[in-house]
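> Using the sequences provided together with the hints, build the complete structure.
As they're listed, the protein sequences go chains A and B.
As numbered in our numbering, residues 1 to 283 make up the first sequence, in order.
As numbered in our numbering, residues 1001 to 1264 make up the second sequence, in order.
In short, the hints are calculated from the structure, not lab data.
Even for Gly, the Cβ is constructed at its ideal location relative to N, Cα and C.
Take these hints with a grain of salt, some might be off.
[As the list claims (entries may be wrong)] What follows is a set of in silico ranges between Cβ atoms, one per label pair, in the way DEER data are often shown:
| id | chain 1 | residue 1 | chain 2 | residue 2 | range |
| --- | --- | --- | --- | --- | --- |
| 1 | A | Gly188 | B | Arg1182 | 40 to 46 Å |
| 2 | B | Gly1024 | A | Gly245 | 55 to 61 Å |
| 3 | A | Asp171 | B | Leu1210 | 24 to 30 Å |
| 4 | A | Met242 | B | Leu1189 | 39 to 45 Å |
| 5 | A | Asp71 | B | Tyr1220 | 18 to 24 Å |
| 6 | B | Phe1201 | A | His197 | 34 to 40 Å |
| 7 | B | Leu1189 | A | Asp171 | 28 to 34 Å |
| 8 | A | Ala59 | B | Tyr1220 | 16 to 22 Å |
| 9 | A | Gly245 | B | Ile1013 | 52 to 58 Å |
| 10 | A | His197 | B | Gly1086 | 55 to 61 Å |
| 11 | A | Gly214 | B | Leu1163 | 38 to 44 Å |
Spelled out, the chains give:
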Amino acid sequence: MEQPVLQAKDLYFSYDGKVNALDGVSLDIHAGERIAVLGPNGAGKSTFFLCLNGVLTPARGEIVLDGRPVDKKGRKRLCERAGIVFQNADDQIIASTVAAEVSFGPMNLRLPKDEVARRVDHALDYMDLQAFRARPPHELSGGEKKRVTIADILAMESEVILFDEPAASLDPAGEERLEGVLGRLSAGGRTLVISTHDMDFAFRWATRAVVFAGGKIIADGAPETVFRDAETLRRAHLKPPMLLGVFELLRARGLAPADAACPASVEGLAALLDGAEPPACGR
Amino acid sequence: MRHAHHTHGVRSIDHLAYTSGMGGWNPAFKTALALGTLVICLAADRPAVSAAVILALAALQKAKGGLALHDYLGLLRVPLAFLLLGGLAVACDLSRVPAGDWSLSLHWFYVCAGADSVRFAAALVLKSLGAVSALYLLALTTTACEFVGVLRRLHLPGLLTELMYLIYRFVFVLLDTHGRMREAAGARLGWRDFRTSCRSFGGTAAGLLLVALRKSRAYYDAMAARGYDGGLAFLEEDKPLHAPQLVWMAAFWAALILLRILTA
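Rendered as structure tokens:
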């Protein structure tokens, strides 16, 4: 098996010294994966992200980047390779214009000015933000701010991007736009790790689902396998995606082939019911 | 999306600075123009020079900044009210007996004013208004972060400029938060009478402190996640200085100084 890009090995972390926010978490992240991180609030998802990017130093355990453990000196490299898009855009945006904001990461990488300018331009183009470049962040809408925070990380050219509940506070149009961006990023070879409460999104989008509960990973596998495990769903207070329920119902009534796997999207289900090959989109 | 704020205040000045037609001018040049004009206006100490500064800068804001005259006058209203009240105090004297050129009897005492004192007060008001116009030239065309950039290039300590930068951003985050808290308090009749309003105000202020503390931690995490290691650095857009602008500035200043000599 190829070398994982990023590995967490037996991480322990506690904010107050009493309760472990991370209680022995291990995860291998391979290049090009689309991982959905699921679990209730307070299960340790955000803490895990902060450890993966080097902001928090775990009390025990280590982060391994390209097969080499990350020490204090390697922290900067970790920031560069694995970027976080924070849940609340207002907690992430610090500069007073969009262009300055996007330049903050590359400037911290101590890149030459031309290179910073090139990356800022590219990230603004990618997120369709050129029209906003000289605007102050407090005049942007929630969806526009979210795009700025994604451009922030794109400008750092991180291979692994960790999204902490990116769809929270987005309207349906914003969510659709976000999913389009995620699709493009994934097609461009980025490794994406997304924490989410949207089971339908996780089911249709992810190649792998990881479930957190009480600071531990309690399930890790193909989304369909994870969502079919009633015990995991009960422990993490998750609901199965609607498509899976519908598919089960159709199968029970003999309307869908008994041996087929559940398609990832409504289009896939339609194709299955028509007896055609499912489209190549999604999984 | 929050668009143009037509109320006068921090937000409107900030918004005007971002949308000003002079936004593309070199910020150091605008700072020099504003401060130089301010110094000339104060040092010349002639009503004619002050009036010339006021009119010229208003014309500049209108022609090059694209600022509606109505908005500009609206923004000048508050300082103007203070200046007029101050000027009145300078012009008038209180006395038990009629004195000066005009006296107004108020039964127990007289409010008196002499032609000289009125002239002096008028000159003072004009001079102050000229100074305000010069500072408005800076405030309405240069964004706060660009001005901080100018200060940084003048070698103001990094700690101060970084603090200014973060405070500026924080002011708007906290304004938003406070606005939401006010609405939430209002939705529960928090402002129904004076006593309740006092309590609600205390509550929102305390809440704001907690939010600020929580946010400072979140901000730090987010900055660290992008490789922050103790120095705030942003890419500044290059805004070149154009030679004709320098020529115009020199001509403007020369005209003001000439006016000062002619009215000696």
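> Which of the numbered hints above does this structure break?
Hint check: nothing fails, all pass.
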